[in-house]
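S.K.: Chains A and B, in that order, are what the protein sequence lines are. Position 111 of the first sequence, counting from 1, maps to 110 under numbering that gives the first Met the number 0, and the rest follow consecutively. Position 34 of the second sequence, counting from 1, maps to 33 under numbering that gives the first Met the number 0, and the rest follow consecutively.
Do not take every clue at face value.
[As the list claims (entries may be wrong)] Facing chain A, a subset of chain B residues (Cβ under 7 Å, in silico):
hint, residue
1, 57
2, 82
3, 106
4, 110
5, 113
6, 182
7, 298
8, 305
[Said to hold, decoys possible] Covered stretches of chain A, as calculated for chain B (at least 3 residues, CB under 8 Å):
hint, region
9, 42-50
10, 90-99
11, 188-194
To be clear, the hints were calculated from the coordinates, so they are not data collected in a lab. We put the CB at the ideal spot given by N, CA and C, even for glycine.
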Amino acid sequence: MATRVLPAFGSRRSIHIFERNFFAYRSQWLMFVSGFFEPLFYLLSIGIGLNHLVGTLPVGGQRVSYATFVAPGMLATSAMNGAVIDSIFNPFFRLKISHTYDAVLSTPLDVTDVALGEVWWALSRAALYAASFIVCMVLLGDATSWWVVLCWPGALLASLAFTCVGLAGCTYVRSWQDFDVVTLVQLPLFLFSGTFFPITLYPRWLGAIVSVSPLYQAAALLRGLATGQFDALMILRAGYLVALGLAGLWLAARRFRAILAP
Amino acid sequence: MTAQDGARDIVLEAQGLVKRFGSFEAVRGVDFAIGRGESFGFLGPNGAGKTSTMRMVSAVSQPTAGTLSIFGLDPRAHGPEIRGRIGVVPQDDSLELELSVRLNIEMYGRYFDLPRRVLRERADELLEFARLSERADSKVDDLSGGMKRRLTIARALVNRPELLILDEPTTGLDPQARHLLWERLYRLKREGVTLIITTHYMDEAEQLCDRLVVMDSGTIVAEGAPRELIERHSSREVVELRFGTDTHDELHDALASHAERVEVLPDRVLLYVDDGDDALRGVHGAGLAPVSALVRRSSLEDVFLRLTGRTLVD
């Protein structure tokens with residue numbers, strides 16, 4: 000069909016889910032503002048606070064300040080945290096509590112459109128937050144290269160991966176209590192994915208496990224972009240995030256269908 | 000089917016329609032055809048397969064087997080196109096609580112790719128139709144149950160559907176709200192909209208449906224106009240007798256000769272008869288003295304209970 004972008008991943012009608020969210024959140028602008036400040040606070044507290052204590056760290060062939068090291072990790076973390084809100088908490092509410100999607104599926108939209116539309120929404124918000132974060136990085140002097148602008152699309156790849164996997168995960172959530180499990184996954188990812196220190200400090204086997212973490216791959220990708228050091232591995236990292244995103248979106252749509260239109 | 004059926008314009012036709020969930024068969028091969036402008040009812044106890052059938056005829060879920068044609072199209076291949084011409088009023092309102100009454104209609108219209116300018120006009124008309132114009136800017140959360148239901152119907156009409164599917168439209172409403180809703184549905188019917196209605200209220204089915212089917216355990220057990228079904232499956236009148244004792248069972252034989260059919264319930268005995276007053280005279284003449292007696296016309300509820308049983312289904 001002509002209206003299909005990719006049959007398995009939804010059609011252009013998915014944009015109406017974005018529209019729906021825009022109207023629903025229009026009155027909740029305060030929440031948007033908090034999304035700007037959260038990563039900025041991390042940047043200020045960890046960057047400025049620890050910068051003088053830690054000294055310099057090696058990134059690729061360079062030695063960079065701790066603030067420069069940690070900022071891309073915070074950007075990746077902010078992409079993850081944003082995705083948890085936009086792909087797990089909010090869609091869970093619409094899926095299981097308010098039954099918003101049930102009403103939507105009586106219209107020409109399909110489950111794939113619903114899933115894809117939530118991704119558009121999450122990515123749009125992520126794009127705003129990432130842009131403001133990168134501006135702050137530059138203003139605080141944490142970026143050592145103008146290539147830092149590539150952190151913007153890089154952060155969106157991270158958001159894509161986290162959003163799509165989160166959306167699939169959201170379909171397995173049974174009640175609000177299950178969000179403890181989400182936190183249980185989110186927190187160790189945040190602390191141990193090479194966001195605060197290089198994973199070369201881990202024993203080899205542990206480093207290998209951590210390198211599977213999408214947050215690690217996102218942080219490493221963004222770190223390379225922020226310092227303008229490119230290597231072939233970055234293509235793999237980007238590819239990994241995209242692959243996770245597509246797999247997550249495919250599973251999310253399948254699960255949505257099983258729940259909403261069995 | 001009669002000869003007249005062959006000539007009419009069929010909006011929806013199902014043949015051998017089956018819906019299975021794993022090993023559970025919710026709908027076990029049902030056939031029906033609905034003509035343009037007709038209002039068609041699905042009755043049945045909980046678990047009869049009504050909701051599964053509704054989801055299939057609204058092109059939301061796919062049949063497991065059998066053929067389904069809506070507007071002459073196969074929902075497997077033309078789902079979005081078909082849904083674009085249908086309006087659905089679900090059992091739970093599933094309205095957007097964060098949005099205003101007006102935005103609920105306008106946003107829903109966007110899902111049908113309708114331009115905003117058109118939607119502003121339609122929202123005005125529909126708010127008028129649902130008698131909600133004064134509440135246009137209220138949040139949905141603040142509306143009463145009846146208002147929410149009317150808004151759900153208004154929302155379902157935003158794409159000017161040819162077919163409107165209503166799943167228990169008046170459950171939980173007070174009599175005033177029900178009558179207002181019925182009146183609005185009549186109006187739509189007059190305008191040529193085809194209606195599909197499920198309901199637990201037999202008076203509603205008698206009022207609204209030209210034709211209906213009774214479903215039980217996934218199959219259709221009866222089909223026809225409400226009046227026809229009463230004639231076919233029940234007597235003309237029913238006499239309800241109460242004897243004020245616990246020994247109704249013993250009365251069965253004594254009453255059997257006075258009625259076409261006798262049904263003994265824990266609190267009363269029902270006599271299905273052609274002439275209620277005549278039967279009652281016979282009962283008195285036989286020396287039986289009920290504490291109370293009521294003669295009434297047979298209703299669709301009698302048909303329903305006869306066909307689907309009195310056992311509570313969960």
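S.K.: A separate judgement is required for each hint: does it hold in the structure or not?
M.R.: Do the hints match the structure? See the list:
1. 57: With a minimum Cβ separation of about 6 Å from chain A (threshold 7 Å), the hint on residue 57 of chain B holds.
2. 82: holds (5 Å)
3. 106: holds (6 Å)
4. 110: This interface hint holds because 4 Å falls under the 7 Å limit.
5. 113: The hint is violated - residue 113 of chain B has no Cβ within 7 Å of chain A, the shortest such distance being about 10 Å.
6. 182: violated (24 Å)
7. 298: Where the cut-off is 7 Å and the nearest Cβ of chain A is about 33 Å from residue 298 of chain B, the hint is violated.
8. 305: violated (32 Å)
9. 42-50: violated (count 0)
10. 90-99: holds (count 3)
11. 188-194: violated (count 0)
Of the hints listed earlier, those the structure fails to meet are numbers 5, 6, 7, 8, 9 and 11, in rising order.
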